[in-house]
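Top to bottom, those sequences are chains A and B. Per my numbering, the first sequence runs over residues 761 to 929. Per my numbering, the second sequence runs over residues 30 to 190.
Derived from the structure by calculation, the hints contain no laboratory data. The beta-carbon is built from N, C-alpha and C at its ideal position, and this holds for glycine as well. Each hint should be verified, as a subset may be incorrect.
[Unchecked claim] Sample of chain B residues facing chain A (criterion: CB under 10 Å; computed from the structure):
| no. | residue |
| --- | --- |
| 1 | G52 |
| 2 | E56 |
| 3 | L92 |
| 4 | V95 |
[Stated by the list, open to error] Some chain A residues well away from chain B (every beta-carbon gap over 12 Å; in silico):
| no. | residue |
| --- | --- |
| 5 | K774 |
| 6 | D789 |
| 7 | R806 |
| 8 | R830 |
Chain by chain, the residues:
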Amino acid sequence: MTTIEFQAAVLEHKDRVHNYARYLIRDPDEASDIAQECLLRLWRHRDQVEPGPACRNWLLRAAHNLCIDRVRRRSTRMEIRQDDAPDPADGRPDALRVAQSAQAARLLQHALSELTDRDRAIVLLREIEGLPYDEIAELLGLNLGTLKATLHRAREKLRVALTRAEVMP
Amino acid sequence: MNCETVRDAIHELFDDDPAMPLGGAVEAHMASCAECREFLAEMTALRSALRALPREPLPSAVLDGVWRDTVRARRVALWRAAAAAVVVTALGAGTYFVSSRPSGPSQAELARAEAQAELVFGYTARALAATHDAAARNVIERKVSPAVRGETSPRTSRRSS
Chain A
761 MTTIEFQAAV LEHKDRVHNY ARYLIRDPDE ASDIAQECLL RLWRHRDQVE
811 PGPACRNWLL RAAHNLCIDR VRRRSTRMEI RQDDAPDPAD GRPDALRVAQ
861 SAQAARLLQH ALSELTDRDR AIVLLREIEG LPYDEIAELL GLNLGTLKAT
911 LHRAREKLRV ALTRAEVMP
Chain B
30 MNCETVRDAI HELFDDDPAM PLGGAVEAHM ASCAECREFL AEMTALRSAL
80 RALPREPLPS AVLDGVWRDT VRARRVALWR AAAAAVVVTA LGAGTYFVSS
130 RPSGPSQAEL ARAEAQAELV FGYTARALAA THDAAARNVI ERKVSPAVRG
180 ETSPRTSRRS S
């Protein structure tokens, strides 16, 4: 990977890596640190990484490993911040829709945080990043059967959590 | 076909492409099962909600840090290497220039040159002395004009008389 390709890869994948870390580790500051560390590692290993999907997977794997390391190191789990949802008391239709949407997002984030780290990683990689199953399996070191069974179980947990919170249709 | 089988089929559908048709047997079950229709609607809403989760860009300060420690640092390193190369080249050229200058004469060469100079000066001195002596003899022996001997010329003496 040349310097130009590195710059292009950073611009293409920086937000993806940042958001993956943000939802996996649930700490914005640590997520930024992890994203930065991933990009610096990519620079150090740029001779061994091809641009394109291989680079994307390399970065996501690096982010995943760094997140898991940090989660293992810290003993307490961070709670999802509850103070950034808009006030639903505003009765205007747009504000209500935004408030409901924000509430759904907050509840979904909370439901995600209740999953195990591995299950959450699978949901993030498949449902948010849209990675193919074989790439997720390779990235997380799982076989396809285990991956699909885990994803079905995780989806079901999220569906139930949101249904109970009555944010689903 | 029971509800469990149908929900497995819906999961499989979401694994592949939710836009694909469910298949005749599943469709037939769905037509008569409100719970499975609701399940499908909830799964669709879940996927939409997951894909609509807020995404935040990497903070610009973090990105600046990445550029500073990678591409910009490389540029600085290249400039430093270029500057160092210029300095090394200049030092090398200077050293070569100094070392390639002809060295000074050795002591033996100096002694030889001094002896040769003394020899030349000796010859010159002797030649000058011989010339002086010959000139003196010519004056004494009147082989040269009186003017050379310091006497007044005959023409001059005739005018005065």
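- Taking the least C-beta to C-beta distance, is B:L92 closer than 10 Å to chain A? Interface hint status for B:L92: holds (6 Å vs cutoff 10 Å).
Checklist entry - Hey, does A:R830 actually stay past 12 Å from chain B on C-beta? => result Holds, since 16 Å exceeds 12 Å.
inquiry  = According to the definition I'm using, a residue is off the interface if its beta carbon is farther than 12 Å from all beta carbons of the partner; does A:R806 meet that for chain B?
reply    = The claim is violated: A:R806 sits with its nearest Cβ about 9 Å from chain B, within 12 Å.
Proposed interface contact between B:E56 and chain A, which counts if any beta carbon pair is under 10 Å
20 Å, violated
Fill in: Cβ separation check - A:D789 to all of chain B, threshold 12 Å
10 Å, violated
A cut-off of 12 Å on Cβ-Cβ distance, and A:K774 was said to be off the interface with chain B. Does that hold? 4 Å, violated
Task: Satisfaction of the B:G52 interface hint, Cβ to chain A closer than 10 Å - done: 18 Å, violated
Item to complete: With chain A as the partner, please determine if B:V95 meets the hint condition of a C-beta pair closer than 10 Å.
Response: This hint holds: B:V95 lies near chain A, its Cβ roughly 5 Å from the closest one there, short of 10 Å.
Of the numbered hints given earlier, the model fails hints 1, 2, 5, 6 and 7; all others are met.
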